[in-house]
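*Asks:* Using the hints, position chain B against chain A.
Chains as they are written, first to last, in the numbering used here: chain A, 6 to 366; chain B, 6 to 366.
Note that these hints are calculated values from the structure, not bench results.
Honestly, I wouldn't trust all of these hints.
Counterexamples of contact, computed for chain B against chain A with all Cβ distances above 10 angstroms [said to hold, decoys possible]:
#1 Ser22
#2 Arg151
#3 His209
#4 Asp280
#5 Phe288
#6 Gly359
Covered stretches of chain A (chain B as the covering partner; in silico rule of three or more C-beta atoms under 8 angstroms from a C-beta of chain B) [said to hold, decoys possible]:
#7 252-262
#8 268-275
C-beta atoms are modelled at their ideal positions from N, C-alpha and C, and glycine is treated no differently.
2 protein chains.
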Amino acid sequence: MTDADGLARLRLIRTSSVGPVTFTQLLARFGTAQAALDAIPDLARRGGGSAPRIPSLADAEREAMAVQRAGGTYLFAGRPGYPALLAEAEGAPPVLSVAGDISLLMRPTVAMVGARNASAAAVRFARQLAVELSQLGFVIVSGLARGIDTAAHRGALDGGTIGVVASGLDIVYPPENEGLQREMQVRGLVVSEQPPGTEPHARHFPARNRIIAGLALGTLVVEAAPKSGSLITARLAADYGREVMAVPGSPLDPRAQGCNQLIRDGATLIQTAADVVEAIRPFASQVRSPTQGFELAPEPINGHDALALVEELLGPSPVPVDEIIRLSGASSGAVQMALLELDLAGRLDRHAGGKVSFRGS
Amino acid sequence: MTDADGLARLRLIRTSSVGPVTFTQLLARFGTAQAALDAIPDLARRGGGSAPRIPSLADAEREAMAVQRAGGTYLFAGRPGYPALLAEAEGAPPVLSVAGDISLLMRPTVAMVGARNASAAAVRFARQLAVELSQLGFVIVSGLARGIDTAAHRGALDGGTIGVVASGLDIVYPPENEGLQREMQVRGLVVSEQPPGTEPHARHFPARNRIIAGLALGTLVVEAAPKSGSLITARLAADYGREVMAVPGSPLDPRAQGCNQLIRDGATLIQTAADVVEAIRPFASQVRSPTQGFELAPEPINGHDALALVEELLGPSPVPVDEIIRLSGASSGAVQMALLELDLAGRLDRHAGGKVSFRGS
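Next comes chain A alone, as it looks inside the complex:
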């Protein structure tokens, strides 16, 4: 059963305009999710907007029941069981629902991703590589999509594999993977950031990809066309300071060109499982315990003045929060607080690299 703090966290993350970054800052500022929930209406009013819709306790209980019916349970960032590597990734999900063998999260992980329309040769290669990495003790993380993802999961099923879905835990997609996903919810692990009932929309895929990259010591791309989603996963892995690897192919095959470009950009060229182990080894020792990610300064917050200053400094173009702090002359804590208020009022957009802008109307 989900405890009171868990239900409060669930209500907080499901509140409109509360994303992972805002969630983490609210928790850091107010100590508990419940205290943050209590403060939100006032914060939003100060930010100049109407209060966001906060799910009721009953809503949260209903979601928790649905996760349980799907055979799942929750993992909360900063609480025991949450995967340490993912916790280190910027914007990690505050709440995950997971079904299956959660002990897989404690073992060394490699992500394998690639084209949905992969060549038969690449599918065979991915499956065999997953078998071998499995036998070497690695857990294979992927996205339960067609093509390379499916091959990677199937190859690793006996040794341990984690599938991250863009939908809720109770939705199977693509339909032909129903058997695989059901089996992974018992012998492997299926992970979702979305509430049950969520269909896999295109807009959820980048968020799913960041979880794949965040869960793994390194990401291997097996076959990928230029501008494909697998390359986004690889870029996220690089952003998180993880190893990026790619399997080369003929420049005449468009499905290899994305991987070849990754290698040109510095990814490690992979031909064998031994190549993966060699590339991953330096990262395996760097796994640290979860971090808080954000700390407010202890000084008293001069909230009202800071809010006006920050509003003045913000525009439609993303600027680094550090720059706003510097230009405002206000304390870091006061600026962060002002940004929180604007965020909750629906007036702020947060971008990669700690940048913020006024939300476009």
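*Replies:* Just chain B now, with coordinates in the frame of chain A:
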């Protein structure tokens, strides 16, 4: 017609136990090839061996006539017309015979080499790449072998291409390339280090490969199995400080594994002609005029003492010449002279990286 100095150089390089390094040192020591020829019997006697066989002037004239009959002419290291890039390579040939358009040696060059049993796709890719690099103004250097070499030459025939053969200028190998080689002796350029009549033996291939690597700003390997000759050419290019490039392929194809390994070792991954141009550009500005490669110290040579010291320090394992100089306490010039004498007496082996050893009996 070959002049007297040219004929003397020809006699010197065709003397048994005179390789490119010894040739260069003799020329530096004695000023002219004729003076070196005159000194050889005495030097060999001091080195403790019998005098090597020196071809007669008539022998040299016969060779020069044969080169002329084959439509060729000579280029001598250190004299006008000798390719500047090749002159910079350690152990460059003192004498080349060439047939065709020698102005091609003045233009920017890229070597393209690869498997004789290349896949149809790789052959097509190599030919198309050669066409495009040609159109961009690059002269394509290769080895006139089957497979990738042939495709590279054919693609570059209109724009300019240089073929380096392991045989004499008058021998065609492989037989099916007779038409191509004849055409290149008119529209392109065919280069040989061997005297006319020399059949292409396996032992000549590494020497041929060093000329390919030495003539080019960079070497691109298109398809190559592990441990193939193309990888030797790539390693020589790296030794000469040139750009090394490789076209990737599926790890499932053994003919791609050598290229993939090159990329793992730092070669630039190539997918397009633009990739080659980008990789080569920094090297194009580094072309310098021919260097002498070796300078003897001006101090008086205490030859006899040095010879005894050097004989004592030499063993069957290769040691750097610098170390012998240091350990002997003799001048650099005296040690080099002693090594020359041992070399001409057939008692010295010279190895890569300026190392020497006593010749195994």
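*Asks:* Next, verify each hint and record whether it holds.
*Replies:* So, going through the hints one by one against the coordinates:
1. The Cβ of Ser22 of chain B lies farther than 10 angstroms from every Cβ of chain A, with a closest approach of about 44 angstroms, so its non-interface assignment holds.
2. For Arg151 of chain B, the condition that its CB be more than 10 angstroms from all CB atoms of chain A holds, with the nearest at approximately 20 angstroms.
3. Every C-beta of chain A lies more than 10 angstroms from that of His209 of chain B, the closest at about 32 angstroms, which supports listing it as non-interface.
4. Not every CB of chain A is more than 10 angstroms from the CB of Asp280 of chain B (nearest about 7 angstroms), against its label as outside the interface.
5. Annotated as non-interface, Phe288 of chain B keeps its C-beta farther than 10 angstroms from every C-beta of chain A; the closest such distance is 18 angstroms.
6. The beta carbon of Gly359 of chain B is kept farther than 10 angstroms from every beta carbon of chain A, the shortest such distance being approximately 33 angstroms.
7. Under the rule that three or more residues need a Cβ within less than 8 angstroms of chain B, the assignment of the segment 252-262 of chain A holds, with 8 such residues.
8. Check result for the segment 268-275 of chain A against chain B: holds, 5 residues qualifying (beta carbon to beta carbon below 8 angstroms, three or more required).
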